[in-house]
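Undergrad: Okay, here's what each chain looks like letter by letter:
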Amino acid sequence: MATKTTVPFNGTAEQEKRLHEVIDAHRSDPGALMPVLQQAQEIYGYLPIEVQKIISNEMEIPLEKIYGVVTFYAQFSLYPKGKYNISVCLGTACYVKGSGDIYDKLQEILGIGDGECTADGRFSLEACRCIGACGLAPVLTVNEDVYGRLTTDKVKEILDKYE
Amino acid sequence: MADINVKINGIPVTVPKGTTILEAAHTAGIDIPTFCYMKEINEIGACRICMVEINEGRGFRLVASCVYPLNVDNAEIRTNSPKVMDSRRKTLELILSTHDKKCLSCVRSGNCELQALCNEMGIDHEDVYEGEKPVYEIDNSAVHMYRDNNKCILCRRCVAVCEKWQGVGVIGANERGFKTFIGSAFEMGLGETSCVSCGQCIAVCPVGALSEKDYTDAVFKAIADDSKYVIVQTAPAVRAALGEEFGYPIGTNVEGKMAAALHRLGFDNVFDTDWGADLTIMEEANEFLDRFQNGGKLPMMTSCSPGWVKYCEHYFPDLIDNLSSCKSPHQMLGAMAKTYYAEKIGKDPKDIVVVSVMPCTAKKFECQRDDQNAAGVPDVDYVLTTRELARMIRRAGIKFTALPDEDFDNPLGLSSGAGDIFGATGGVMEAALRTAYCKLTGKEDEIVEFKEIRGTDGIKRAEIDINGTKIRVAVASGLANAGELLKRVQSGEEKVDFIEIMACPGGCVNGGGQPQQPASVRNFEDLRVLRAKALYDEDANKELRLSHLNEDVKKLYEEYLGRPGGHKSHKTLHTSYVKRSVN
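Those sequence lines, one after another, are chains E and H. When we follow the working numbering, the leftmost residue of the first sequence carries the number 9, and every step to the right adds one. When we follow the working numbering, the leftmost residue of the second sequence carries the number 171, and every step to the right adds one.
So here's chain H without its partners, still in its complex pose:
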């Protein structure tokens, strides 16, 4: 498209025709605040905080910069004139007029887009408009999260991500005008709806209206209890994002410091869910080859992402037999910690507490599911998000940036590169295919990369030819994409043997439990790409890149499980699913 020349605050800027003012200003090094706008998710121009003045030949007027396309040459834009500042301040004051300003006790204090902008704009009187205030009950009906509408600014980012990216749409704006609030149909609590617990709404919320159910106090208490043996494990994607909470650039892998911080928090063992991922591959690759070669139910669908599993149960209940029966990696690790490892260290599984640090809020739901209790007690006791771990580290006074790099503990800590990439879309499939390739060809240590299923495209497809055996695979991330793919599978338009689905767009690296990045970052950086790179780099730099060559996993089979898909595996590492309805 042709370029046009405009002036922003007197600075000449050349951008392609149709570029929004917000984007053009960014290229000129000028930030314009936004609330409702989130690139590719919510582009409704509704909140009016991003107003700027533009003169396209007919005098200056105020427009919403986030959605206003530049089409007129020589337009002049002012992003910080008195009129703009006045408009911005008025909008902020009106938002504050109904906002519950309990910043001291707010989980987002210090990381709140509203608080930050009030500070920038020098709001020195927060009660300019005193009058009626709506009062809402906190919705705590869901297993994984709270909604506190008293803090909601009605930006609708949560609504948009739930409907557009996740194809779920269980939250929306009800009523109108002053009475407008975000909620579910017929005032159902979120827990009564077909919410899949993905937590994407929390990840995009600019304020403290949405937050995970926090288990940091319970975990501190367990650590302090001498009668408990407390094991922690961390998912692949956590190490790719935790650093953001401590000022590291997005995409910094802080695995070593994270392990050190966990040791210092006082956990008895620091294990790696990547080990559980390698174990998952042993079971899942075996399950796939068994189904593929012996006429089992195909396409087989991965089951690592609990948001996806719940989505399948609600929205595609006829396909639950296509789900792999494998538990997810952290549930597998939990199961082995309370059986195999408990025997090794001579502990009663009842005295072992397993804490999983996950990029995910759906894992909070998953660990409470039925049929996730290999030792007769829950495989995993507490799931913390990446954000909660950061809170624990801060609360314990651990100076994260000054920590040395430490390793995970054995014997549930060694992992292959294949386990590392579980955190990105396509990673589980690639890990499984690497092992399947070796099994089918008999070349036990040949590493084959499957780059065609990497990257952030919503749906990826490939046909893999292994010694003349053709395997058709598809990978989807973001549940709206998953829904589209599955409809095509159901109608027969799409013929596939193996499907990987991750609930969150881009996979776990962009999970609902990951550090919240403000719109000012998300509108210009792709978190999915930056964080995934940390995992693919880790994989590429490892010598051990195949799950089936993980010595500690091999030892587990020799000493305890027998063989993949065997009787003991089925008892401890596999699970079942239920059909659910849509609400």
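So that you can see chain E by itself, here it is in the shape it has in the complex:
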């Protein structure tokens, strides 16, 4: 079950204006919710409750229906990307080398689940499939930095570099 994000919403008036333009452009189309959500995510980077409520009010679609669609499709995110986005490879090679444990350890330390972001906006966490560095398995990336041959006791050390 997903949890409510605690990252404060920092949408700008400019973003909201663009969202209204998108909604206006699709208002009369049948099945307009998907393209509106896709473009809303492009504008904000994610789809928090504040954005979904605007869409709900404007398009007269119940908030729950929108939330149902957002949580159904993997392409939509309820959480922003953190300043540092951690991506753990759960591809076959990394997984058999124990990346699942690394991933669990990160969730434990950061207190967030898959696709979520810490309340201070510093770290976000996601799983990925094979980044082509199987020789270094298990692998994770923090933004552009790559860390390989990991063990669970190295996780804290890596995070400390980004405090």
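Take the hints with a grain of salt, since some may be wrong.
What the hints assert, rightly or not - Here are the simulated lysine-lysine pairs, DSS-like style, with alpha carbons at most 27 Å apart:
#, chain 1, residue 1, chain 2, residue 2
1, H, K349, E, K89
2, H, K657, E, K61
3, H, K349, H, K334
4, H, K349, E, K113
5, H, K303, E, K113
6, H, K609, H, K467
7, E, K61, H, K334
Bear in mind the hints are in silico, worked out from the structure with no lab data behind them.
Assemble the complex: chain E is given as a structure, and chain H must be docked to it using the hints.
TA: Frame of chain E, contents of chain H only:
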């Protein structure tokens, strides 16, 4: 449309082209089990329990019978072949693999569509697939109900009825695949959403995932407490459906046995909400004529249905001044029980417990609202649904079918036919118009029926001409219909003076607190029609059919209230509303 001939299990059947296999089989006397399918509500063909084999010339294949239209002449259908049985059993086993199988303590045990089908299909091993099971917290955030997703089979009937019939849509399917669950946006508890408490989701749930908050223990306790004087009252629609819990055909009026059962349960007084309905008419007809003749806020909208009132507050907050300020009938009766009647019997209102048996779950919310406490204590202490009353009767070992017919107690038990029909869509309006007619014409005892506003159409309209005074009325049931009507009123497309709205489709007879009928019944019988008939028949057979001629209500005004709409009425029988937001 042209007829086609098909064979179902070798039986020749002729049906109009386009008929679904499920319906065609029904005409041939063959039942096909369904879970997700509910006629006019949920027609998504998703659960696959109704699979049958069909050969339309290219060999037999499995299809979902609930949504598969018959378009090919001479098609052959098998509803119980080994392949069909195997498919059905597999689907059941997969549902059971994540189902919380605590049948012994389940409120729906004995009345559960899943349990019944497992029994029919001879499921002898309920743990065929052992593996990960999702575990959900029970949502008890709403005033009126629980959601236990551990028992949910994801049929989505609740989702469909909430969105399509009620136009509310605060529940839906979140996440996907194994993680899918029914809930609200951003994991809000139902109590945090703009749920209107109508309980239609509970009424359509095939299993024990949704249930009302049960107050039967609290009521038993109150009855056993010698320091409490416990009064019970029953809504009009309860008598039209309670019998279903005890094996009577749908639409049997069991008023007499119900009163007898309530006496035997040990209530100190058994009163009739129909009396409260007559009192409501006195106040509401007066309020309408006052608004109509003196330039008050129109259209006036009825306020008897608490699900509708809450819907109005959330979704049409700008219209709350159009709501009649009258309390609903059972709140009026409760208010009079703790003031007028309390004085009569020399009791402190604090020692009186009023229990309302209602076809409704929103009444559980209503009795806890502010401004519903004429005597400084809540007008009504506990609201039980029709289902909860049936549970109490069974638990107390009362053999319902063997009971004699008994009457309600006086002086809050006498009612007119106008009060009886409050339980069906159009009934409140008709009762009010009957009295308004008499008041406007001065013919105090002329009974005029308003048949144009009866029946189960979602929106009904009529223009009533009373001695040259034209009153434009509209009646809606089901909140999606209400929303449609109100949008037209707001835009000025629809000019109306008086609007009756009941939250549940067909009115209280089809309320969210009424006995649950399985899909196998609801797909082929219209509960709204059958139960409403019981009330209209009762009205037609009564001599007293006008609220303002109810002697006990008249006496109440003479002895206590003064006149309708007077100072004391306003203090005790009227209430106020609040604007709410949509979530």
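Undergrad: All hints, please: hold or fail.
TA: Against the structure, the hints come out as follows:
Between the alpha carbons of H/K349 and E/K89 the distance comes to roughly 23 Å, so the proposed pair stays at or under 27 Å and holds. Only pairs whose Cα atoms come within 27 Å are accepted, and H/K657 paired with E/K61 is accepted, the gap being roughly 21 Å. At roughly 25 Å between alpha-carbon atoms, H/K349 and H/K334 fall within 27 Å of each other, so this suggested pair holds. Distance hint between H/K349 and E/K113 is fulfilled; the C-alpha atoms sit about 22 Å from each other, no more than 27 Å.
Straight-line distance between C-alpha atoms of H/K303 and E/K113 comes to about 23 Å, which keeps the hinted pair within the 27 Å bound. A distance of roughly 20 Å separates the Cα atoms of H/K609 and H/K467; the hinted pair therefore holds under the 27 Å criterion. This hinted pair checks out: E/K61 and H/K334 have alpha carbons roughly 20 Å apart, not beyond 27 Å.
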